[in-house]
Amino acid sequence: MKIWVGINVLTQIASPVVISLCQQFFRMGKCYPNTKFYFYAPHRVSIDNMRNWSAQQALAQECDYLMFIDDDMVLHESGDTFKSLLEADKDIVMAHSFMRGYPYKPMCFKDPSDSKTKVVKLPTFDDYKSAIDENGLFEVDAVGFTCVLIKCELLKKMDPPYFVTLPNCTEDIYFCLRIKNKLGRENVKIFVDTKVPTGHLLEPEVISESTRQGLVARYELEYPPVKENNDRGDEYLKQLEESMNEA
Amino acid sequence: MKLNLGCGSNKITGAINVDLEPSCNPDVIANFIVSIPFRDESIEKVFLFHTIEHIPEHKHHTIFSEIWRVLKMGGTLLVSYPEFIKCAKNFIDNYKGMRTFWKATIYGRQLYRSDFHVALMYTPEFTEYLEQEGFEILAVRPEAREDYNTVVMAKKIEKKFFGKEELQRRLLCATS
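Those sequence lines, one after another, are chains V and E. Here my numbering is used: the first residue of the first sequence is 1, the next is one more, and so on. Here my numbering is used: the first residue of the second sequence is 1001, the next is one more, and so on.
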């Protein structure tokens, strides 16, 4: 078996991430001694270039899987993230993680419509807990590629570039949407593995399942949410006139 | 009498609520962008709350001319709108992590046909424009609860004489 591992590093990696990667790579070598791993961590390369080049090289080297790990991901302390993702045996499977920005939503997306063919609108899948199966997995329509394992068979069914950053869409979501729309929504299985949740580095905190609620509460205390105000009636007029009279 | 132009679902008690959309159940259904169905100098106050940004700029002259016509001399106009500079800055800064919200303050929520913002509202230009249309600016304030919105209070006065360039601009607006 051959695995291409692309790590998106701009300039440097924070120390918690280094430790988790060391643990991860040690376990990969120990559990899969006969597997060939290619590690690619280019310096100062844009994320879509890194991913596209990784995909092309994975195909050129006849790899079975392509794995991406972002440089701000603290992987599961067991070091078995790769093992768990591999055993899930899905087309695309991501280790469960959360977005870095408030309100720290899960990094997975699901189209709530019943359409069997085309994936169009993708809100985040907030209610994922009820969808987790007995294997600790739940199915979605797209994932962020913070820590993801992709079968190279999928790449063979697409033409490059595989990853393109658009104004309203990052390169990872673009890939998921494109492959789903090309092959049919039912024919591509994208899952999230909750057995090996990852932490997303916030500096200095790590956002994960256990820290998320506290971080949301702290953020909302410091920055009370702005509610969209559609009231332009009597109360609104009264406030305006009061503020004008104060002038 | 008071007029609440472009009321939508936000009615003001004691004012005549006017909108061109019948589903809002306004007091008067009228295309006030083209003409306001009231006599000259019959209105004491006009409210234009978060409406002007939904009207294309080349139609602003028509609507403010109409407002000027129906207002009594010294009558007041209250206009509120999202301040583009503040909304754009909040979008760029991803203020409070609400980039989608700030985008909507610039372009509108786009939930239905008229829910689009099509005029960029920039207070220094807008107040100068109102002065050209025959209004005296009484006060300019940010809204109390949402300071990225601006409120302008103005009073109807005699129109100032305008020169050749302004005349040409008005002729262009009238024919568009």
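If you are wondering where the hints come from, they were derived from the structure by calculation, not from laboratory data. Where is the CB? At the ideal position from N, CA and C, for every residue including glycine. There's no promise every hint is true.
[As the list claims (entries may be wrong)] If you anchor each label on the Cβ, the simulated ranges turn out as follows:
| # | chain 1 | residue 1 | chain 2 | residue 2 | range |
| --- | --- | --- | --- | --- | --- |
| 1 | E | N1094 | V | T11 | 21 to 27 angstroms |
| 2 | V | K36 | E | I1106 | 48 to 54 angstroms |
| 3 | V | E205 | E | L1120 | 20 to 26 angstroms |
| 4 | V | D133 | E | T1013 | 52 to 58 angstroms |
| 5 | E | D1147 | V | M158 | 28 to 34 angstroms |
| 6 | V | S113 | E | E1057 | 36 to 42 angstroms |
| 7 | V | E205 | E | E1131 | 48 to 54 angstroms |
| 8 | V | K36 | E | K1089 | 39 to 45 angstroms |
| 9 | E | D1040 | V | N245 | 25 to 31 angstroms |
| 10 | V | C22 | E | N1094 | 40 to 46 angstroms |
| 11 | V | E205 | E | D1147 | 26 to 32 angstroms |
| 12 | V | R218 | E | D1027 | 44 to 50 angstroms |
That 48 to 54 angstroms hint for E205(V) and E1131(E) (C-beta), does it hold up? With a Cβ separation near 52 angstroms, E205(V) and E1131(E) satisfy 48 to 54 angstroms, so the hint holds.
Measuring from beta carbon to beta carbon, are N1094(E) and T11(V) in 21 to 27 angstroms? Since N1094(E) and T11(V) have Cβ atoms about 22 angstroms apart, the given range 21 to 27 angstroms holds.
36 to 42 angstroms was suggested as the range; check whether the CB atoms of S113(V) and E1057(E) agree with it. holds (37 angstroms)
Outcome for the supplied range 52 to 58 angstroms, where the beta carbon pair is D133(V) and T1013(E): holds (56 angstroms)
Outcome for the supplied range 26 to 32 angstroms, where the beta carbon pair is E205(V) and D1147(E): holds (30 angstroms)
May I ask you to test the hint 28 to 34 angstroms on the CB atoms belonging to D1147(E) and M158(V)? Hint violated: Cβ distance 48 angstroms, outside 28 to 34 angstroms.
Does 48 to 54 angstroms hold as the CB distance between K36(V) and I1106(E), or does it fail? With Cβ atoms ~51 angstroms apart, the hint holds.
Mind checking the hinted window 25 to 31 angstroms against the Cβ distance between D1040(E) and N245(V)? holds (29 angstroms)
Evaluate the given range 20 to 26 angstroms for the C-beta pair formed by E205(V) and L1120(E). At 39 angstroms between Cβs, range violated.
Pairwise beta carbon distance, K36(V) to K1089(E), judged against the given window 39 to 45 angstroms: Since K36(V) and K1089(E) have Cβ atoms about 51 angstroms apart, the given range 39 to 45 angstroms is violated.
Could you say whether the range 40 to 46 angstroms given as a hint is met by the Cβ separation of C22(V) and N1094(E)? violated (34 angstroms)
Range hint compliance [Cβ, R218(V) to D1027(E), 44 to 50 angstroms]: holds (48 angstroms)
Checked against the numbered hints given earlier, this structure breaks hints 3, 5, 8 and 10; the rest are met.
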